[in-house]
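The listed protein sequences correspond, in order, to chains A and B.
According to this note's numbering, the residues represented by the first sequence are 562 to 825, in order.
According to this note's numbering, the residues represented by the second sequence are 3 to 210, in order.
These aren't lab readings, by the way, just hints derived from the structure by calculation.
Honestly, I wouldn't trust all of these hints.
[Claimed, not checked] So the derived label-pair ranges between C-beta atoms look like this:
no., chain 1, residue 1, chain 2, residue 2, range
1, B, 194, A, 739, 39 to 47 Å
2, A, 680, B, 194, 53 to 61 Å
3, B, 150, A, 674, 32 to 40 Å
4, A, 680, B, 142, 52 to 60 Å
5, A, 680, B, 76, 53 to 61 Å
6, A, 673, B, 20, 45 to 53 Å
7, B, 123, A, 762, 18 to 26 Å
8, A, 712, B, 113, 32 to 40 Å
9, A, 685, B, 40, 51 to 59 Å
[Unchecked claim] In silico EDC-like links for lysine to aspartate or glutamate, alpha-carbon gap of 16 Å or less:
no., chain 1, residue 1, chain 2, residue 2
10, B, 126, A, 645
11, A, 775, A, 734
12, A, 722, A, 662
13, B, 126, A, 721
14, B, 189, B, 158
15, A, 688, A, 721
Glycine included, every Cβ here is placed at the ideal spot set by N, Cα and C.
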Amino acid sequence: MIQNLLCDTGTGPELRPVLQYAPQAPKKVVCLRMNCKRVLGSMRALSAGLRRIAMALVLLLLASCATTRVEQSRQSNSVLGAGEAMVILGRATYNDRETEESFTDCLADILSQGSNPIRLVSEEQFKDDLYPWFEARTAPTNANDLGRLFAEAGVQAQIDKSSIRYLAWIEGDTVTIDKGGSMSCALSTFGGGCFGMSYWEQDASYEASIWDLKNLTASGQISADANGTSYLAGLVLPIPILARPGNAACKGLAAQLRVFITGK
Amino acid sequence: MSALCTLLASCTHTLTVTGRIPTPLIEPFPVSIGLIVPAEFSTYIYREKLPRGGGDWTVGLGALQDAFFTTLFDTVFQRVQRVSLPVCEQIDAPNAPGLGCPDGYLRITLLEYAFLPPELSGLKFFSASTKYQLELMDAGGAVRDTWVVVGYGKNEGGGFQATDALNAASVDAIRDAGARVALDWSKQENVVTWLDSIGRNNDPKPIM
Chain A
562 MIQNLLCDTG TGPELRPVLQ YAPQAPKKVV CLRMNCKRVL GSMRALSAGL RRIAMALVLL
622 LLASCATTRV EQSRQSNSVL GAGEAMVILG RATYNDRETE ESFTDCLADI LSQGSNPIRL
682 VSEEQFKDDL YPWFEARTAP TNANDLGRLF AEAGVQAQID KSSIRYLAWI EGDTVTIDKG
742 GSMSCALSTF GGGCFGMSYW EQDASYEASI WDLKNLTASG QISADANGTS YLAGLVLPIP
802 ILARPGNAAC KGLAAQLRVF ITGK
Chain B
3 MSALCTLLAS CTHTLTVTGR IPTPLIEPFP VSIGLIVPAE FSTYIYREKL PRGGGDWTVG
63 LGALQDAFFT TLFDTVFQRV QRVSLPVCEQ IDAPNAPGLG CPDGYLRITL LEYAFLPPEL
123 SGLKFFSAST KYQLELMDAG GAVRDTWVVV GYGKNEGGGF QATDALNAAS VDAIRDAGAR
183 VALDWSKQEN VVTWLDSIGR NNDPKPIM
């Protein structure tokens, strides 16, 4: 099991997302503290009144961190070979909850970049090439169905043509589980402003089921759960302090998926 | 957005649905079909004024659905010839010699198109549905089967991306219906009986 802590404020480079795996945790935590000290140090130059406001903001910044938990189970040790590709598919459902396209786009963006990029086939291209076998209504629901689907010779040939080794089904969504507070804004001839504070807590829960299209088996699952509270503080100007647990879950899941697929 | 629409009296959204048209990975049925497509199928435009400040919507669906099902039927059947009536003389016309009479005729009709924006559904996505009717006639023009298939699609989005979201949802609804036609039409009891009666295997197999 791997636990991640992500502080994702979305307010600039000072407080970068911190992602640590268990063996490297101490090093990364120090990094977070250093960043926070830098923020606190710069506050000493401010006047007393501004310092109080800034202190309140820093407390909110720290409070708006999203906590992420990533877990993995693995059923095989195979990894992506040279020239092989992966496709990421959002699992479509016919109820009111569905994996957001922005989440799978986020995963694809992260995995296709960096020092160890993975070759990805886009969801649109994959579904077009294999139409009508991977539509919402017709897609296989578990890896046991792969054998039957791949017995259809055209499907196997198309997969081979694209050199697709892994298919990652992404399920889950981000929901608001609590919200409260109030804020009012006023505008007059003397000026205007907003006062008050509102907050909302979101929970992002996603799971990636990875299928090996070469061996026609399930390779494993990775789940990422992130929780965070965002604030909108009205101090004349409305100041949003966003936790973005969906983004945190995406980064956590992408990092673990990369290790799972490439072995490094 | 709804409030803004109300303030502006009405918002007008005009959309011509566009999207990629996939070629099905299906081995053609060993039958020849005379395809009857009503003229309004390729020119269909849906118009609706939504309640509660939802605005006026004009959705041009015809061009895409015509191109989509043309590609689909061209792949699903061994030979397809567009005709206007279920009579053999149309295909045996002098300008199309050697085609012979088709094994049967298929008429596709759009019965209904509908969509629901997030403002009305309370959900965070646009949803769209298409309802098509496939009418199978034998070589003599007698109706052998009538099958109604519903396609559904949805896409997250709203506000200023409303037309993009509805476009994507509508494309998905057409694709969904097309997938059912490609995979399930031949399994309908009357279709199986018809295929048996003309001595054709109705079990589709993907192409190599």
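Results for each hint:
| no. | hint | result |
| --- | --- | --- |
| 1 | 194/B x 739/A: 39 to 47 Å | violated, 55 Å |
| 2 | 680/A x 194/B: 53 to 61 Å | violated, 43 Å |
| 3 | 150/B x 674/A: 32 to 40 Å | violated, 47 Å |
| 4 | 680/A x 142/B: 52 to 60 Å | holds, 55 Å |
| 5 | 680/A x 76/B: 53 to 61 Å | violated, 32 Å |
| 6 | 673/A x 20/B: 45 to 53 Å | violated, 26 Å |
| 7 | 123/B x 762/A: 18 to 26 Å | holds, 24 Å |
| 8 | 712/A x 113/B: 32 to 40 Å | holds, 35 Å |
| 9 | 685/A x 40/B: 51 to 59 Å | violated, 30 Å |
| 10 | 126/B x 645/A | violated, 36 Å |
| 11 | 775/A x 734/A | violated, 29 Å |
| 12 | 722/A x 662/A | violated, 26 Å |
| 13 | 126/B x 721/A | violated, 37 Å |
| 14 | 189/B x 158/B | violated, 33 Å |
| 15 | 688/A x 721/A | holds, 15 Å |
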